[in-house]
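Starting from two chains that each stand alone, build the complex the way the hints lay out.
Okay, here's what each chain looks like letter by letter:
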Amino acid sequence: MTNKLHKDFDLDALFADEKVSDMMPSDTFMNAVLRDADDVQASFKEPVAVAKSTPWWRGIVQQMGGWQAVSTFATCACFGVYIGYASSVDQVLGYSTGTDSAAISDVFDSFSVASEFEVSFLEG
Amino acid sequence: MPFDSSSEIHDDALMVLYANGDSEAARLLATRHTKRVLALSYRMLQDQAEAEDVAQEAMMRLWKIAPEWRRGEAKVSTWLYRVASNLCTDRLRKKRGAALDDIPEPEDDAPSAEEAMLHQTRVATLNEAMNALPERQKLAVTLRHLDELANPEIAQIMDISVEAVESLTSRGKRALRTMLQGQEAKIGYGT
Numbered sequence: 001m002t003n004k005l006h007k008d009f010d011l012d013a014l015f016a017d018e019k020v021s022d023m024m025p026s027d028t029f030m031n032a033v034l035r036d037a038d039d040v041q042a043s044f045k046e047p048v049a050v051a052k053s054t055p056w057w058r059g060i061v062q063q064m065g066g067w068q069a070v071s072t073f074a075t076c077a078c079f080g081v082y083i084g085y086a087s088s089v090d091q092v093l094g095y096s097t098g099t100d101s102a103a104i105s106d107v108f109d110s111f112s113v114a115s116e117f118e119v120s121f122l123e124g
Numbered sequence: 001m002p003f004d005s006s007s008e009i010h011d012d013a014l015m016v017l018y019a020n021g022d023s024e025a026a027r028l029l030a031t032r033h034t035k036r037v038l039a040l041s042y043r044m045l046q047d048q049a050e051a052e053d054v055a056q057e058a059m060m061r062l063w064k065i066a067p068e069w070r071r072g073e074a075k076v077s078t079w080l081y082r083v084a085s086n087l088c089t090d091r092l093r094k095k096r097g098a099a100l101d102d103i104p105e106p107e108d109d110a111p112s113a114e115e116a117m118l119h120q121t122r123v124a125t126l127n128e129a130m131n132a133l134p135e136r137q138k139l140a141v142t143l144r145h146l147d148e149l150a151n152p153e154i155a156q157i158m159d160i161s162v163e164a165v166e167s168l169t170s171r172g173k174r175a176l177r178t179m180l181q182g183q184e185a186k187i188g189y190g191t
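If you're matching them up, the sequences are chains A and B in order. What the first sequence shows, in the working numbering, is residues 1 to 124, in sequence order. What the second sequence shows, in the working numbering, is residues 1 to 191, in sequence order.
Excised from the complex, chain B in its bound form (with noise of 0.2 Å):
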């Protein structure tokens, strides 16, 4: 199959495929939705060996359901979104309790330039007051703000209301402007 063309296969039709034993449509799937869920996790639990395993098992979850997947009933990103934001909501669960400071700060690969030094300041400090949110505001946040989708597939996302959305994400966000005053001059905002 030419890339070219398979660019605009839909999610739908490569999941067919898929089910009936074509094995780059598998390829093309990954390579369409691996790295979006892979961002997510790695936002929502902050640690790439989890976020690896829960988009791993997003994935595998998405192969299994093939041969069941219902076409025009979700989209495909839609269903994985949700799947993974369910286990990363799990496992910060059973994670809740845990210190802010036991949290991995990221490390630091480019030491001499100021600039990445302040960019790397500036989204720690952006993750330890996201992971100071409710996991729920944190998801919307994330998947409103980070991610970009629209209030509808979040809803979709996360079984709610637009209007809960909406509420979720308004009380993320002026928490976390709540959490972030003060640390203006830190992340380079200041005067």
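Isolated chain A, as found in the complex (with noise of 0.2 Å):
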């Protein structure tokens, strides 16, 4: 009896009743929304500040630690390329240690060439 009296109960009719009474928005709360809207967007199109433009490579050299460090870098990468590139490993062993290094075959590999070169270095 009680399912029946629910099932019965017009609802939507008071619903209807309910979406008739809707509030409308007066004209100084639409105002005060767009008044925000205006406020929010202007702060859109404030200048971002914006850092004093520098050269790239400053930013690189910066980067790397300073001139002092892109030398040391430089002086280090130009060694390399001339170990790698030198067409005689006498050469190169001779240049380091000052001595005649014909003895040296000439069949070494980088690795070789590199544990020499640190050997000769540490013992001066």
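Check the hints yourself; a few may be wrong.
Calculated pairs, BS3-like style, for lysine-lysine (alpha carbon to alpha carbon, straight line, at most 25 Å) [said to hold, decoys possible]: (1) B:Lys75 - A:Lys19; (2) A:Lys19 - B:Lys186; (3) A:Lys19 - B:Lys64.
The set of hints was computed from the structure by calculation and includes no laboratory data.
Printed below as a string of structure tokens:
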């Protein structure tokens, strides 16, 4: 019986009454909403503080630790290229130790060269 | 921007226009959505000042998110309903415990018309019963039966499944019927 009563109750008619009584936004309220929109939009337009532009290479130099670090890096790079491409291993060892390295085989691979170079450097 | 053509502009496009500095876009978005957001807020809170606060805050959040708005991800209306319903729920939870009697009756602005009186009585009776529902049921019933949204959209707004929406609205309506039993005569449905 109760269930039947529940089903019979015309909720939809009540909902329809409620819909008719929708609250309408006042002009004052709409103006406040639009004022907010203008304020927020103005903040989008504010110029972003941009750092003074610097050449791209200066940024890289700074990232690497300054011109001294870059100089050291460049020297090492040049020396590495020199070792890699030198036509003669003797020439390299001769340059670094100041000794005659004719006895050293010229079939050293690059690791051997590096190892010899390190030993001679440590021994002075 | 002429109004005739602007009515066909999609909300997503208006959001982009607004973010790019077009003030007309803000006016169109506000015209399209403010009324519904305000109506939902008022139904939930039954207080004009609070409803306006919530609607204004929801619109403010829409303006702020415009530059990051992702096209096609959510409908502007769904997003606004979600924000507004969350704001309303927060306020209702803070007010929880207030007696139903504290909720103001709607103002009677047509005292001489009997039909208007009856209408006001019906609205007041329904509001009173709606206010007695748990917040989630109230929101689901409001979105489904007063804002006439589809269940999938309500599910998005409430961040629940469609089945959960159906369950909430069904339980809400059942509870409303129970509360309104015996008041048929008062609201003009009696024999």
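Consistency of the hints with the structure:
1. B:Lys75 - A:Lys19: 23 Å, holds
2. A:Lys19 - B:Lys186: Holds. Lys19 (chain A) to Lys186 (chain B) sits at ~20 Å (cutoff 25 Å).
3. A:Lys19 - B:Lys64: 30 Å, violated
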